[in-house]
Each structure stands twice: as C-alpha cells, then as structure tokens.
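Chains as they are written, first to last, in full-length UniProt numbering: chain P, 1 to 358; chain H, 1 to 357.
Keep in mind that the hints were calculated from the coordinates and are not lab data. Please read these numbers as outputs of a predicted model, since none were measured by experiment. You may find that some hints are simply not true.
[What the hints assert, rightly or not] With a straight-line Cα cutoff of 20 Å, these simulated SDA-like cross-link-like pairs (lysine to any residue) come out: (1) K196(P) x N152(P); (2) K288(H) x T21(P); (3) K306(P) x E46(P); (4) K285(P) x E91(H).
[As the list claims (entries may be wrong)] Partner residues aside, some chain H positions facing chain P, computed with beta carbon under 8 Å: (5) D85; (6) G86; (7) P88; (8) Q94; (9) A128; (10) N213.
We put the beta carbon where it would ideally sit given N, CA and C, even for glycine.
Below are the chains, spelled out letter by letter.
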Amino acid sequence: MSCFISKYAEELAKNAAYIGTPGKGILAADESTGTIGKRLSSINVENVEDNRRALRELLFTTPGALQYLSGVILFEETLYQKASSGKPFVEILKEGGVLPGIKVDKGTVELNGTNGETFTQGLDGLAQRCQKYYEAGARFAKWRAVLKIAVNEPTELAIQENANGLAMYAAICQQCGLVPIVEPEILVDGPHDIKKCAEVTERVLAACYKALNDHHVMLEGTLLKPNMVTPGSESPKVAPEVIAEYTVRALQRTVPAAVPAIVFLSGGQSEEEATLNLNAMNKLKTKKPWSLSFSFGRALQQSTLKAWAGKEENVKKAQAALLVRCKANSEATLGTYKGDAQLGEGAAESLHVKDYKY
Amino acid sequence: MSAFVGKYAEELIKNAKYIATPGKGILAADESTGTIGKRLAGINVENIESNRQALRELLFTSPNALSFLSGVILFEETLYQKTSDGKPFVEVLQENNVIPGIKVDKGTVEIAGTNGETTTQGFDSLGARCQQYYKAGARFAKWRAVLKIGPNEPSELSIQQNAEGLARYSIICQENGLVPIVEPEVLTDGPHDIKKCAAVTETVLAAVYKALNDHHVLLEGTLLKPNMVTPGSDSPKVSPQVIAEYTVAALRRTVPPAVPGIVFLSGGQSEEEATLNLNAMNKLDVLKPWTLSFSFGRALQQSTLKTWGGKKENVGKGQQAFLLRCKANSDATLGKYTGGSAGGLASESLFVKGYKY
C-alpha cells in the first residue's frame, strides 16, 4: 500500500468504523481551560477545576445519553479526572460503549506575511504524548486546522501548511494507536455565498487528501471533521436541503470512499440548525459511501449549559436538555429527525461568534 | 464549485453516467495507424486503409455486440470512415446507442534526465481539434499517460508531469463537450509484487485527482481508465480474487465518489484473465461508489483478429468471437461471469515487454 500499515492497523480501522456507527456521533467536550472559561463565565460560573469537572460529570453521566454517542473528545485535564463517585471518566465512557478521544493540538499561530491566516502547532513530542494518551484509554485524537474565506484567502500557503500539519499529525497518531480525526475548519465568517464556501471547501479537502496520501496515512483508520458548506455569516441563510446538497457534493468530489465516516463540526450554528442540516444530508438520495454524523461541541451543550447555570439542583434539568440534543442528532444521522425535539432555552440561538478563537 | 461548470456540464454528466451503465463497457478501437499495423501484421494482413476499415466494420456491425457496449474509442481516421454500404461508422454506433469517442493524444515522448520515463503530447490546438471531433459526433475522448515501476520509478517528476497533463487535457475536453477518460497507466513490466503495484497506483491516482481539482475539472463528467493492481510481469501470478481486493482498495483510497465509472485497461492480460479479474471486482462485497467496467482493446479483439485473419469468408466467425468477449465482459460488470467463454485464444497472454503503442 502507499499507506503505512502500523501495528495498530486493524484496531484503527475497527475504531474508526465504530465511531461512524449510524445512530451515533461524537460529543466534543475538549474545550481547553481558556475556552471552557468563556462558556462558564457566560453562565456566571467560576473557571476552577472542580467546576470544569462537575460540568463534564453532568454530561457523561446523563442517563440514556451515551447510547447516542460513539465517542467523546476530551481535553487533557479531563482525561485524568473522575466522577464524584471516584470513577474515572474514561471508565464511565468505556462502560457506556463510548470511545474516549483526546485533543492533541496546541492551538493556532499566525502565518507570517499573511492576512491573519494561521497554522496549528503541537507536533513536538506528539508521539510520546499520544502513547501516554493511549495508555490512559484514549483511542482517537483530534487536531483542528483553521482557514478563512476573504478576498485573497485562503492562500495556497495556508492551505498547504494546514494540510501538511494535519497529515503529519495523522501519521503520528496512527503509529501510536489513535484514530486521527482530520479537521480542516473553514470559518463561516464573511459575506460570501454558499458557492464560494463550496469552492473553497473542495479545494481545501483535495489538498488534505493529497497530503494524507503523501504521508502514508491509512484512510480506513481516519475520520473527517469538516465544516458544512453554508453561506457566510453575513450572507442570507438558505434551507437545510440546499446546505445538504452543496455539502454532500463537495464531499463526493474530494473524500475517498475508504474514509468510514464524516463527523461534522457545528461552527456557529444553533443546536437546531446543526441538527436539521445533518438530517437533510442523511435524507439526500445520492452516493454517500461514508456515514455522515456529528462531532458537536456548542451545538450539543448550549441549552445544557444554560439549564445547569452551575447549580447542583439544576443537574437533572440540564441532563434532560443534553439527552434531547443527543437523541435529535442521533435521529439526524438516520435522516429521521422530525424537528420536534423539545427546544431547550437557547436551542435555536445562533452560536456564531465573529472571528471565534478557541 | 471549484469545478468549472461550462455550457456542456449537463451533457457531460449525462454522457459519463451513460458510459458507466452497468452491463456495458467500452471497446478501445483507437489503435493508431502504426499500432494497428502491428496487429494486422500479426495475422499477415497488409496495413492499408481498406483493411483498417474492414476490421472496424467487422467489429461495429457484429450482430448484437453493440448492446454490450456504451462507447467505442476511435482513432481520428476511423471517425470519418464508413461501412462498405456507405454508412458512417459514427452513425452505426449512434443508432445502436453506443457513444463514439476519440483518442486525442499524440503519443509519448521521453522526459529528459529520467530513466526512460515519458510524458504525453497532444496539447497543440487540442481545443480546436476537440471542437472538430464534437461536430463529427464524438462525445468522449481518451488520453493515455504512461508510468513505469522501477527502482527509482515512477519519479516525482514523472508523476507530476503526467498528472498535470491529464488534468489540462481533461479541462480542455470539457470546455468542448467531450467527456475526458483519464488514463494513467502504470505498466505491468517488472519483477515487483502486487503490493508495490498497489502503492504506486495509489500514489499516482492521488496525484491525478489533486491535479484534476487544481484544474477545476468537473469529476461527475469524467471517467477513469486505470490499470488493475497486479503483480509485475516477471512476478508470480495471483488469483482474480486477490487482484480484485488490491485494486478496489486502491480505488477506494483515491477515487472520489463523484466519478461515475471506472473502465479498466487490460494491459497485457489475456482476454480471459481480464474478464475474470473484472468479474471478481464486481463480486467483491465492499462498498464501491463508482461502477467498474472495461475499456479493452487487445482483450476484446485478440481472438476476433485471429479468427478473421483478414479473410472475408471469416467475417461471420470473427464477429461471433467478438460477441462472445463482449457478452463475457458485460457479465463481468455485473459479477455474473461464470468463466469458460474462451477458446485457447482467449487465454493467450497479450503481454509485450516495454509495449509501445
């Protein structure tokens, strides 16, 4: 093969396929300490370790929720945390049939000479870190590359650097037994229309898959986490069916069938928007050799956070809100979502923040 | 889109999809004058225009054969030839729902500084030529890029050059209404094993699809004509099942689902080998988002040529031999071929070392 068959090859392919199980998806709970701080402050909760732990405990112990999840992405701190019962989060997830994942990048840095474009850092000592995470129970990893659309962007430099970074990260992960989620996020910011987003997405994805091939990554043991193809944030909205059509076509033109699953990021979409769009894609009658699912952060947690507001007495209410979104998105992966999920407060609220920095 | 959606977009998509119809495939009858000369010499027939015309008439008027074909690739001379009754070949094909195609490359030339690697020429006035061919009834085109496996081959230069060439040819075709068949042939010559062939094929196909994306080619309006993944010619043979597994895995790793059909070249395989391998691929229980069919030259015509021998009285027999291979390959595209539709001729290897078209 042109790909490197690591000793973990079978396990990688099995885990990647499992994550793509129809009816399941990923909860992205890997907000860094800084980022989760913003979420907590928006509900007036102090950003201390115990609150971060309490939030994640709320999520992972929600009765009935784990059946709708095949994976949860964790931040390093969370990988080693426990529930108040003393049980490690990793065990709770595993017992619930959920694979623990780990965010391994170290954020973005500006590319010199560009107009605010970035590349992602985190390659130093990555293999050693991945080995440690594998020992701690992680079975997949995530690395977020970011591109933007503007008059002259994304530049060829930004595309190449980010594609190359994703490919190097992916190859290292596979050598250490972690399924790499490949995430080339094209930000929604801007006045461009959906055609422009489609064009850029296709260009970026083509570069990613060329780089993955160059770096001998085994596609059967990877996942893709792309943006949906949508109009820019300053452009008029379109129907979920239109988003579905443009998104799936972009993927048909660039993502080889060997990739078992595509797990969309939600970007700044509201919880309900993200679910409706995913549902429309799964209803579309066209060639889709990969499963289409979710890897949502804000779009799974928004109403949960608001319902919780950091108060112990709200935990059950908050968990109920999470369950609603998990079930809704599970149905969306099957194309059976009827849009009747009881909308929690904030489920229809846009989560777009201009120039959002994680 | 990043794809160029010109005025022919809908037509291109429709024609590419039709060519990829399950149960049908392509007859590659586009041998240049020099190449067909070798074939004719092999059966002691003089290489003059009327003989070239007689051979193609035999093929295109074979009763019932055309029902198994969705396209025929022609050489320029043939595009303008007629049957002995005076009917243009193009009309014969069109009336039988077979789309005429045209070879538009002008052969390979060596890349200086490499160890015998080549690039393909044919860009001069390509757009204008495509327009002419479209007017004459052609609706798809073919351009053959060639790569070889050696200790240091294929080189990055060769891969890049050939991928770029295929991409540039493709967009020019699409601008002029012709569905481009993208053919990056990795030659079988050599002692390498099937794993090496797979690795090279995947690398080459990845480069090709990156180039197609760079050049804004509309994938839904293209077809791919790759080699099957096999051991090298100097290496022990393997079963059709193994060839099928490696080939389909290579394609799943590189060919986007937007491509409607993959039409394999036969290389030096015998008629029967090529059919059995294609059949095994279609039987493979794995997700394949494109149809898998044939674009065979030698592997469809070998026994026909020998049976005909250039003699008028053998035309009927020659046509029967041709019909047999067409049906066999049609069955293979459906995974229904049960084998044995062969005489000894069908099992004859067609491998010629360092084969030059």
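Any hints from earlier that this structure breaks? Give me their numbers in increasing order, please.
4, 5, 6, 7, 8, 9
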